[in-house]
Amino acid sequence: MLAQQLANGLAIGSVYAIFALGYTLIFSILGIINFAHGAIFTLGAYFTYTLMGLQFGFNGLLAQQKLPFGLPFWVALLVGAVIAGLFGVFLERIIFRPLRARGADPLLTLVASLGLAVAIVNIIQYLVGAETYSYPSGAALPGAPASVNFGTTEAPVIIRTAQLIIIAVAVLILIVLTFFINRTKTGRALRAVSEDATTSSLLGINTNQLIRLTFFLSGFVGGVAGTLVGLNVGITGPYLGISFGLKGLAVIVLGGLGSIPGAVVGGLLIGIVEALVPASLVSYRDALAFAILFIVLLVRPQGLLGRPLIQKV
Amino acid sequence: MNDFINTYGFLIISLVLQAILALSMYLPLMAGQLSLATPGFYAIGGYVAAILSVRTFLPASGTTFPEPLQSFVLWLGTVFPATPQGQAFPVSLLLVEMLIAGVLCGLLAIIVGLPALRLRGIYLALATIAFVEIVRVVSLNLPITGGSIGIFGIPQPYPTKFEFAWIAVPFLVIVALFVYRLERVRVGRALVSLREDELAAAAMGINPTYHKVLAFTLGAVIAGACGALSAHFINTWNARQGTFDASILILAYVIIGGSRTWLGPIVGAFLLTALPEVLRGAADVQGIPTFLAQFLKDGRLIIFGLLIAFSTLFFPQGLITPNLFKRRGGSEGER
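Heads up: the sequence lines are chains C and D, in that order. First residue of the first sequence? That's 1 in this note's numbering, and the numbers climb one at a time after it. First residue of the second sequence? That's 1 in this note's numbering, and the numbers climb one at a time after it.
Keep in mind that the hints were calculated from the coordinates and are not lab data. Remember, it's a predicted structure, so these values are computed and weren't measured experimentally. Ideal Cβ placement from N, Cα and C applies to all residues, glycine included. Among the hints, a few may not be true.
[What the hints assert, rightly or not] Here's a subset of chain C near chain D, in silico, CB distances under 8 Å, partners left out:
| no. | residue |
| --- | --- |
| 1 | ALA112 |
| 2 | TYR284 |
| 3 | ASP286 |
| 4 | LEU297 |
| 5 | LEU298 |
The shape of chain D in the complex, shown without the other chains:
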């Protein structure tokens, strides 16, 4: 068991974190809004945690900021003291960082979302891709985010990676429960009605803008908090963490897992994150021809891409569909 955890601990926590991100993209999609902004908020959340815990916000020795900012920065320095060598980063501070990251991303999401969510379909997707790219280029250039090198040596709250499960797993459970409940209360049903037919929903007295921005903001809060946790987990944070590639990947989790229920994105994230590792493992199986083993090792992203492309043909609804529950449970109500 210990061997297993040593080998796959990192992967298991990655699965959980990716599942959280998938749910954060699922939320706007629930309201029919294809938003690819999740990696942007994830990156910002990670930078918040990295900046606060590595204390890159402190001015270089000798320079000072203009006054109100200077006292604020010094105060922030007392709230987030330097972690001495060999000591663990306090978990309470990590939770505070997640909270700050979530709130900041939520506020930013309202600012970005209010104008952007007037757009529909592919236009909204393009606007959110633009948002992700702008965040990436800006973080590549700011001194506080470490430029192209990024921020490294982010202090660790736990001695091993697997122990991040103490935070990541409850976080996923809370988010999943939240989305599960959301699908069954008034606000959630309003979101679904917007997905099915926005005009009809608006005619029934549902405020489209309010609900769309709400879903977008909730997704951003989750992505931001997840980024803050990931920054500690990965140990370094740079502009490669929130890119267009990540947008594609997370969208693939949701679409392949199933974009109609809360379970779909989680299953999709688990499957697709584990897949490259599974293929790598398959290459080590005794007795398969060398060229095949080589292909499984070096060409696993080819298989990955083809799987995404062809699963849209064979599982257009995703792997997990609401009907799955109906058949098994029998009495899900009139969903």
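Bound conformation, chain C alone:
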């Protein structure tokens, strides 16, 4: 029973983790929380659905439409995530860069990203309606069983194939991203910008280009996370990303704002703690992440793995 819940927690926790990575990447560079990230997450799920050549429902401008071709799930996931990443770059170009150029208050940037989130969610609703969509069963691994029993027949630990895929993809993304940031030259430049943007631009690092890259990476992992959630529970409508967006805040604060390992630890912790909530209290589960968020902020505002906040005069 415990093993089963841990497994469920691990699956949802790894989605939280890669979702929160998108927040954390942008926060570490720009010091802002990009609330449009939840909307990009939703977009990623819809992009994959569209690229697979699946038909839309009865509402919205694109009712009953579909692409003339259909890509296999994995290709669609990748292309969809790339488009989501490019969309992130587009948002950076039209809103965040002009705001940065004017030296805008972080508060103002926050409001701008909230406005973008509202606009994107409603554009989705305008185009394809608020219906629930889901990828065809077995889309990811044709022929694979729907679930695998890792326990014994007496004490079953049943993990659905979708959950296994989620965990595997999340681990893959983490490994690649960690390698990229810690071992490559661009990654090193990225860390330099997050340390001090002005100094690194004086040292010949193209700050604007790196910020664009950050938005791409953030959109990319957000798009992947969206598709994975769509695979697990279906695309439940344009508001899919909003609840994740809020949970993601709890995750990054728990792990430490701007810390990549922190986002992973925070995501897994919150996923597992949520899975361990007893059935009688399950309706309070959504408050749990926020209760943790509140307590962490009061006790250890820098989070589990973040650097302590130093106030400069």
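Given chain C, put chain D in place with the hints provided.
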């Protein structure tokens, strides 16, 4: 005129109520504290009014509470008697509810604010988002708040919605005057100095914690009382009334209207609350192409979101800035 009031009465009162909420979020912002807790207190205030006037606090028939609570509940039942069918809810009781809601929210704000206001900037915003979400989930689950259905059939003090203006408009005027005066007395200037530079203000002998908690609590009192009024106005109250979405919206009122003067939040609330209705009206104008009319009707939230996003670029200070007064008035003093 009557037609106009029948059509837009609800909207006009909504404008006033939203403006009050905007001012309640403006108060902590005056001290430089980005608090998004207003919808949480608004929700609690609304539940206080709904619980008291619909009398959901009474135990289900046959069950009793443990003793001190039981007598208290019965006493409360005599203070807030059931409103007979077809009769108006007494306005005096509505005012009492607003008072109770305000006091309760104020006390809660002190309890929440004392630890939370040690946090700065984005951290405080996150903590207050957490507060709003916790209030929402708890109210979704408690029997006294009606669970996910909420509380409906809240008794009406007036036969038409527009007559709520008798309470809402004076309430807004009082709050606005209060904030206007606050900006010009010692406490208010202390708040502004905290916004500009907390360290320097503290060095000048201003107690940061005291003033921050004060601003936060004042905002909570206003939001709570406004929630109590809104509950009667809207007639039903459920967990959808105080959500993160509402936090965004109210923050947008303040930022777009202007976060440096008392008038900004009011103007922002008026504009943004009226905007969806204006767009809906624009769709009915004769002679515009069908696809445009359709877009104005169904896509007005898209326009709304884009307006919020781009106004941060074009009006970074908000629409109403303190300079506006200076130029016009000439002798505002050395503000």
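Tested hints:
1. ALA112: holds, 4 Å
2. TYR284: Hint holds; TYR284(C) Cβ to chain D Cβ min 6 Å, cut 8 Å.
3. ASP286: holds, 5 Å
4. LEU297: holds, 5 Å
5. LEU298: holds, 5 Å
Of the numbered hints stated above, none is contradicted by the structure.
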